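Produce the complete structure using the sequences and hints provided.
Protein chains: 2
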Amino acid sequence: MRKQSSTNTINKEHIESNCGIAYTNSVLNGRWKLNILAFLLDEEKLRYSELKTRLIGISERMLIAQLKELQADGLVHRNSYPEVPPRVEYSLTPKGKSLEKILIQMAEWGTKNNQN
Amino acid sequence: MRKQSSTNTINKEHIESNCGIAYTNSVLNGRWKLNILAFLLDEEKLRYSELKTRLIGISERMLIAQLKELQADGLVHRNSYPEVPPRVEYSLTPKGKSLEKILIQMAEWGTKNNQN
DNA sequence: TATGGTACTAACAAAAAAGTAAGAAATGAG
DNA sequence: CTCATTTCTTACTTTTTTGTTAGTACCATA
Chain A
1 MRKQSSTNTI NKEHIESNCG IAYTNSVLNG RWKLNILAFL LDEEKLRYSE LKTRLIGISE
61 RMLIAQLKEL QADGLVHRNS YPEVPPRVEY SLTPKGKSLE KILIQMAEWG TKNNQN
Chain B
1 MRKQSSTNTI NKEHIESNCG IAYTNSVLNG RWKLNILAFL LDEEKLRYSE LKTRLIGISE
61 RMLIAQLKEL QADGLVHRNS YPEVPPRVEY SLTPKGKSLE KILIQMAEWG TKNNQN
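Just so you know, the sequences run in chain order A and B. Just so you know, the first sequence maps onto residues 1 to 116 in the UniProt record's numbering. Just so you know, the second sequence maps onto residues 1 to 116 in the UniProt record's numbering.
Mixed in with the good hints there might be a few duds.
For identical chains, the list gives no copy identity; a pair is met inside one copy or between any two copies.
Cross-link-like lysine-lysine pairs, in silico, DSSO-like; alpha carbons within 27 Å at most [as the list claims (entries may be wrong)]: (1) K33 with K101; (2) K45 with K97; (3) K68 with K112; (4) K33 with K68; (5) K68 with K95.
Calculated from the structure, these hints are not laboratory results. Predicted, not measured: the structure shown is a model, and the values here were computed from it.
Below you can see the structure in the form of C-alpha cells.
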C-alpha cells in the first residue's frame with residue numbers, strides 16, 4: 001500500500017554517497033565560503049583586512065561569521081599576533097587543504113560553463 | 001590613502017578562479033541541489049515521486065523549486081509523458097553530467113571527513 | 001458520477017540569512 | 001591626552017529561504 005517501501009531499493013552506496021555529499025554541502029554552503037577557501041588556497045595566508053579587500057561586497061559581520069564557521073568546521077586556522085593594532089592571519093588547515101582538488105575543479109567548471 | 005588599491009595586487013588568475021567558483025557556487029548552492037544531482041547521477045532517470053522518496057524531508061514546494069532552478073541552469077532535463085496520471089522523469093543534461101567528478105569527490109570527501 | 005493517482009501551484013507564515021550602523025578594545029604615535 | 005589603526009561585536013532591520021496547508025488538472029477505472 002505505501003510506496004515508501006521503494007526506498008529500500010536505494011542501496012548502501014547511494015545512501016553513503018548521499019550522506020557524504022550532504023556533509024560536504026553543509027560545510028561549504030554559504031555565500032562566501034568557497035571564495036574564502038579559494039583565496040586562502042591561492043595565497044596561503046591572508047589577514048582579515050586582506051580578505052575583506054578581496055571579497056568584494058562582503059560585510060564585516062558576514063566575513064567574521066563565515067570565518068568562524070570555517071574554523072568551527074576545522075577548515076581554517078586563525079593566527080592572532082599580540083600587537084596593536086591587531087594582526088590576524090587566516091590560513092587553511094590540512095582538512096581545508098584537502099579540498100584543493102575540488103576547489104580547483106569547481107573553479108575550472110565555473111569558468112568553462114559561465115557564459116558571460 | 002585608500003587601501004582598496006591593494007586589490008590591484010590580485011592577479012587575473014585569481015580573479016578568474018574566483019569568478020569560476022562564484023558561478024559554480026551560485027549553481028550548486030541550495031539545500032538539496034547536490035543531493036538531487038547525486039541521485040540523478042547514480043540512477044540516470046528518476047520520476048518526481050522517486051526523487052521525493054529519496055530526498056527524505058524535502059517538501060514538494062522545495063523539490064519543484066530546486067528542480068526548476070536546476071533546469072534553468074541547464075543541469076537537469078525534464079521529460080513529461082502525456083499520460084494520466086502524469087509521469088515526469090528527470091535526468092542530467094550533459095552539462096549536469098560534466099559535474100560528475102566534482103560530485104563524486106565531494107561525496108568521498110564528505111564520507112571521509114564526517115566524523116559520525 | 002465519483003474516486004484515485006501523480007505532478008504540480010499558490011498563498012500565507014515562520015525561520016534563517018544577510019545588511020546596516022554604531023561602537024569597543026588595545027596601545028603606540030604625536 | 002587624543003587619535004589612528006585593525007579586528008572584531010552587538011543590536012536592529014530587511015531580505016531570502018523554507019515550511020505548511022490547501023487546492024488544481026487530468027482521465028482511466030469502478
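Earlier hints that do not hold, by number: The structure breaks none of the hints.
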